[in-house]
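*Asks:* Spelled out from the first residue to the last, the chains are:
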Amino acid sequence: MDLGKDLVAASATPLVLAILAEGDSYGYAIIKRVAKLSAGHLQWTDGMLYPVLHRLERQGLVSMKWGESESGRKRKYYRITKSGRLLLVTQQQQWQVVDETLRGVWIKA
Amino acid sequence: MSNSAERTHLEEQIAHWREYLRRRRAINSPDVAELEDHLRNQVGELSGAGLASDEAFLIAVKRLGSLDSLSLEFAREHTERLWKQLVMPPDADHSRAPGREMLVVLILAAISAAAFKLPALFGVSFGENAEFYARNLSLFVLPVLTGYFAWKRHLGVITCGWLLLAFAAAGLLANVFPFSPGSDTLKLTALHLPIALWLVVGFAYVGGHWFASSGRMNFVRFSGELFIYYVLIALGGGVLTAFTLMMFSAIGIDAGWFAASWLVPCGGLAAVIVGSWLVEAKQSVIENMAPVLTKLFTPLFTLVLLVFLATLFLTGRAIDVQRDVLIAFDLLLALVVGLTLYAASARDAGAPPDIFDKLQLTLVVSALLADVLALAAITARISEFGFTPNRVAALGENLILLVNLAGSAWLYARFVRHRGSFAALEQWQVAYLPAYSVWSALVVAVFPPLFGYR
Numbered sequence: 001m002d003l004g005k006d007l008v009a010a011s012a013t014p015l016v017l018a019i020l021a022e023g024d025s026y027g028y029a030i031i032k033r034v035a036k037l038s039a040g041h042l043q044w045t046d047g048m049l050y051p052v053l054h055r056l057e058r059q060g061l062v063s064m065k066w067g068e069s070e071s072g073r074k075r076k077y078y079r080i081t082k083s084g085r086l087l088l089v090t091q092q093q094q095w096q097v098v099d100e101t102l103r104g105v106w107i108k109a
Numbered sequence: 001m002s003n004s005a006e007r008t009h010l011e012e013q014i015a016h017w018r019e020y021l022r023r024r025r026a027i028n029s030p031d032v033a034e035l036e037d038h039l040r041n042q043v044g045e046l047s048g049a050g051l052a053s054d055e056a057f058l059i060a061v062k063r064l065g066s067l068d069s070l071s072l073e074f075a076r077e078h079t080e081r082l083w084k085q086l087v088m089p090p091d092a093d094h095s096r097a098p099g100r101e102m103l104v105v106l107i108l109a110a111i112s113a114a115a116f117k118l119p120a121l122f123g124v125s126f127g128e129n130a131e132f133y134a135r136n137l138s139l140f141v142l143p144v145l146t147g148y149f150a151w152k153r154h155l156g157v158i159t160c161g162w163l164l165l166a167f168a169a170a171g172l173l174a175n176v177f178p179f180s181p182g183s184d185t186l187k188l189t190a191l192h193l194p195i196a197l198w199l200v201v202g203f204a205y206v207g208g209h210w211f212a213s214s215g216r217m218n219f220v221r222f223s224g225e226l227f228i229y230y231v232l233i234a235l236g237g238g239v240l241t242a243f244t245l246m247m248f249s250a251i252g253i254d255a256g257w258f259a260a261s262w263l264v265p266c267g268g269l270a271a272v273i274v275g276s277w278l279v280e281a282k283q284s285v286i287e288n289m290a291p292v293l294t295k296l297f298t299p300l301f302t303l304v305l306l307v308f309l310a311t312l313f314l315t316g317r318a319i320d321v322q323r324d325v326l327i328a329f330d331l332l333l334a335l336v337v338g339l340t341l342y343a344a345s346a347r348d349a350g351a352p353p354d355i356f357d358k359l360q361l362t363l364v365v366s367a368l369l370a371d372v373l374a375l376a377a378i379t380a381r382i383s384e385f386g387f388t389p390n391r392v393a394a395l396g397e398n399l400i401l402l403v404n405l406a407g408s409a410w411l412y413a414r415f416v417r418h419r420g421s422f423a424a425l426e427q428w429q430v431a432y433l434p435a436y437s438v439w440s441a442l443v444v445a446v447f448p449p450l451f452g453y454r
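Chains as they are written, first to last, in the numbering used here: chain A, 1 to 109; chain B, 1 to 454.
These are computed hints drawn from the structure, not numbers from a lab. It cannot be assumed that every hint is accurate.
In silico lysine-lysine, DSS-like type, Cα no more than 25 Å apart, as pairs [as the list claims (entries may be wrong)]: (1) A/74 - B/62; (2) B/282 - A/32; (3) B/62 - A/5; (4) A/36 - B/62; (5) A/76 - B/295; (6) A/32 - A/5.
Just so we're clear, the structure is a prediction, and the values are computed from it rather than from any experiment.
Let's have the full structure, built from the sequences with the hints guiding it.
*Replies:* Below you can see the structure in the form of structure tokens.
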């Protein structure tokens, strides 16, 4: 099942923030995690994650740091900030509202 | 394929991909490093699952998304990268570190600023010997600029010797003649020496290979861009000066002497060096401005000239031969030559003639026509005015520009009618460049004694 572009874009921010709330991570691992969580239904074009991460960094929701991978290459790690966690909480509430509303309509039908 | 051969092949592919990615303006090198880390992870995982490394590479690249949509996404997030290009391209892969070049440039700029203050140490002050400074102004900065290019282009000792000789000769000519104070020949020297010496700068600019292909045209491009940069820097300098004066007058101190004898002259000279460096640094990064201005103004000047000619014929008026009319027409011709030159500098020589070429031809022909009318009016009355040095110099310049434009018109006409190539026109333009400097050198060297230093 392919999700629509708008839905993928809208869910990107809470999804990335939620994954980073579990612990620091880097681009490739985030994408793997998303694929696993959605059982492969949420397929991002890999490259598109990075502009999203850069936007979150500019908005101060995540911070980044250069580190090293297991093989000793340069790797960029991201960490969620305090305001990132605050935004995540509001987003969780908002998505819950959307979720409950849709459920209500669909159960009746 | 053996394992290690496969590895090297993969490294080659990744290096190739990295190069390709770097060319995108919206993606900078930390981004490339981040994406490369991603790519390697993906390739590693796919290879681990049993794929051959080049298959894994292909799939990993495909999953990253097409380069165009990727760079569009990056551009959306980093719009500033599409703007911020100058000062300085960070991954300048020149043999010399950009920081070192900046240091050299700053030192050279300081040298030419200091050179301006040097004569004052020997009692030749700026305020009392304005004529000395007018004659020698170009000698404070152009040798330094030439030195910059000699350094940058690794010129040989013999070439440097010749360049030095040219400046020594210029210095001698500007200073040995017993000019009478306020004389015309002195003003002519002050005006023509820079033009003559600009050719020496050009010789250093092209690395001593004056006749090498495209070298001279590059010098033309450089000159145009430098002019534009200089005007911009001068505007900034004007604001700086105004602020200095204003701030100090607020506390009751007159900083006028500082502005007049330090800030403006020293800054003005140093700006030539800094501007040249900026033009050198940015040449491949930003679109050249001179051709853009040319494209903008060629139609407008053509229109003005055509209306002028039409008015002249319809009203039957004659050109009023005033003292300065020759200079006005010299400037007109110089301007049209400049427009032609910069239009040629940005044109693809292989492209077929288009509407702009026809416009350019119209401009050149109408300028020629206007100038011939002016010359006819002037020659008829030249005996009345007499041959002053100013008039002879202006007349000579007019003839030189006229010959250039006549040749250009002829070659343009051939090109527009598919009888000749644009390359011929370009050749003619660049081959003609030394004529301006040679004539200027003649004015500097021969006019003062010829006209008795008046």
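*Asks:* Taking the hints in turn, state whether each one holds.
*Replies:* So, going through the hints one by one against the coordinates:
Restraint check for residue 74 of chain A and residue 62 of chain B: satisfied, since their Cα atoms lie roughly 22 Å apart, inside the 25 Å limit. Of the supplied pair hints, the one linking residue 282 of chain B and residue 32 of chain A is violated, its CA atoms being roughly 42 Å apart against a limit of 25 Å. A C-alpha spacing of about 18 Å is found between residue 62 of chain B and residue 5 of chain A, which places the hinted pair at or below 25 Å, so the restraint holds. Distance restraint check for residue 36 of chain A and residue 62 of chain B: the Cα-Cα separation of roughly 20 Å lies within the 25 Å cut-off, and the hinted pair is therefore satisfied.
Simply put, residue 76 of chain A and residue 295 of chain B have alpha-carbon atoms about 46 Å apart, too far for the 25 Å limit, and the pair is violated. Restraint check for residue 32 of chain A and residue 5 of chain A: the C-alpha separation of about 19 Å stays at or below 25 Å, so the hint holds.
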